[in-house]
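Residue numbering for the sequence shown follows numbering that gives the first Met the number 0, beginning at 0 and increasing consecutively.
I should point out that these hints are in silico values taken from the structure, not numbers from a laboratory.
These numbers were taken from a predicted model, which means no experiment stands behind them.
We treat Cβ as the ideally placed atom computed from N, Cα and C, and that holds for glycine.
Some clues are possibly wrong.
[Unchecked claim] Quick list of in silico lysine to aspartate or glutamate cross-link-like pairs, EDC-like style, CA-CA up to 20 Å:
{"no.": "1", "residue 1": "38", "residue 2": "95"}
{"no.": "2", "residue 1": "168", "residue 2": "211"}
{"no.": "3", "residue 1": "2", "residue 2": "194"}
{"no.": "4", "residue 1": "38", "residue 2": "62"}
{"no.": "5", "residue 1": "147", "residue 2": "169"}
{"no.": "6", "residue 1": "168", "residue 2": "220"}
{"no.": "7", "residue 1": "38", "residue 2": "194"}
{"no.": "8", "residue 1": "256", "residue 2": "231"}
{"no.": "9", "residue 1": "132", "residue 2": "95"}
{"no.": "10", "residue 1": "132", "residue 2": "113"}
{"no.": "11", "residue 1": "132", "residue 2": "120"}
{"no.": "12", "residue 1": "2", "residue 2": "113"}
{"no.": "13", "residue 1": "2", "residue 2": "121"}
{"no.": "14", "residue 1": "117", "residue 2": "144"}
{"no.": "15", "residue 1": "2", "residue 2": "65"}
{"no.": "16", "residue 1": "132", "residue 2": "144"}
{"no.": "17", "residue 1": "117", "residue 2": "231"}
{"no.": "18", "residue 1": "132", "residue 2": "231"}
{"no.": "19", "residue 1": "2", "residue 2": "44"}
{"no.": "20", "residue 1": "117", "residue 2": "194"}
{"no.": "21", "residue 1": "256", "residue 2": "136"}
{"no.": "22", "residue 1": "2", "residue 2": "120"}
{"no.": "23", "residue 1": "117", "residue 2": "44"}
[Claimed, not checked] Quick list of simulated restraints, FRET-style, between CB atoms:
{"no.": "24", "residue 1": "95", "residue 2": "173", "range": "34 to 44 Å"}
{"no.": "25", "residue 1": "207", "residue 2": "132", "range": "30 to 40 Å"}
{"no.": "26", "residue 1": "117", "residue 2": "159", "range": "17 to 27 Å"}
{"no.": "27", "residue 1": "169", "residue 2": "203", "range": "18 to 28 Å"}
{"no.": "28", "residue 1": "161", "residue 2": "1", "range": "12 to 22 Å"}
{"no.": "29", "residue 1": "161", "residue 2": "88", "range": "25 to 35 Å"}
{"no.": "30", "residue 1": "17", "residue 2": "147", "range": "28 to 38 Å"}
{"no.": "31", "residue 1": "18", "residue 2": "251", "range": "15 to 25 Å"}
{"no.": "32", "residue 1": "18", "residue 2": "165", "range": "27 to 37 Å"}
{"no.": "33", "residue 1": "251", "residue 2": "132", "range": "13 to 23 Å"}
{"no.": "34", "residue 1": "117", "residue 2": "17", "range": "13 to 23 Å"}
{"no.": "35", "residue 1": "149", "residue 2": "90", "range": "24 to 34 Å"}
{"no.": "36", "residue 1": "1", "residue 2": "60", "range": "38 to 48 Å"}
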Amino acid sequence: MVKALIIIPARMGASRFPGKMLAPLAGRPVVAYTAQAAKAVAGVEGVFVATDDELIATAAAKEGVEAIMTPPACRNGTERVAVAYQALVDQGQSADVIINLQGDAPLTPSWVVEAVIKAFEDSSVSVATPVVKCSPETLALFRADRAKGMVGGTTAVLSQSGRALYFSKEVLPFDGQAEVMDVWHHVGLYAFRPEALSQYASLPQGPLELTEGLEQLRFLENDIPVQCVPVEGRGYPFWEVNNPHDIGRIEDLLAAKGDPNGL
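The whole structure should be built from the sequences, with the hints applied where relevant.
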């Protein structure tokens with residue numbers, strides 16, 4: 000049995016949507032939905048929110064989730080998770096796998112996280128992340144946002160063995176071929192063995208990470224393999240809160256289909 004912990008990085012100062020963790024989503028803060036999604040995952044030893052803001056910590060506490068205060072200087076969610084996990088280790092806690100469930104992903108289905116945890120039954124996997132085939136509807140949203148110069152999500156390019164070749168905020172492969180090739184939507188959560196998470200925190204940011212603004216590229220730039228885990232949406236489109244208009248999109252999804260975790 001893999002012993003797993005979920006840590007939700009949640010900062011106040013997002014560049015595209017400042018304060019989005021506390022933005023009202025169907026009457027509750029975004030981070031509250033994400034915390035409840037994490038608690039719905041089976042077989043997890045604990046759920047924590049890693050934040051630099053007392054208001055976010057208070058919102059987490061209202062959901063019964065302990066907050067770990069982390070420095071504002073953390074440059075991305077994985078660095079914040081690394082700091083939070085070290086604080087837990089210092090308190091005597093440990094895990095086989097640490098899951099970074101991003102605070103802006105309130106519709107993450109529990110079965111997606113469970114599939115990623117299961118991937119670590121393979122001892123060769125040190126970092127894993129889920130991907131889902133883009134539906135025509137999701138692909139249309141990607142294209143609409145890019146046409147406006149906005150980022151709507153991240154795509155992944157996979158090797159034949161399922162390892163990540165690249166991640167991008169562009170639609171990859173080249174959009175002219177997207178009708179005849181699968182486009183993989185990267186679901187924004189990551190899972191690490193403790194050694195890989197510690198190594199990540201010690202590595203400098205590389206040019207690809209800085210250019211794309213995608214933290215997972217630090218692994219690829221340093222030859223650390225990332226295993227992509229294909230998952231099914233089961234009829235629930237996946238969408239993150241990247242921009243203010245995403246709130247309305249997610250509220251429409253909740254109204255039409257309900258919460259994927261039955262919450």
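Which numbered hints fail: Hints 7, 9, 11, 14, 25, 30, 34, 35 and 36 contradicted; others consistent.
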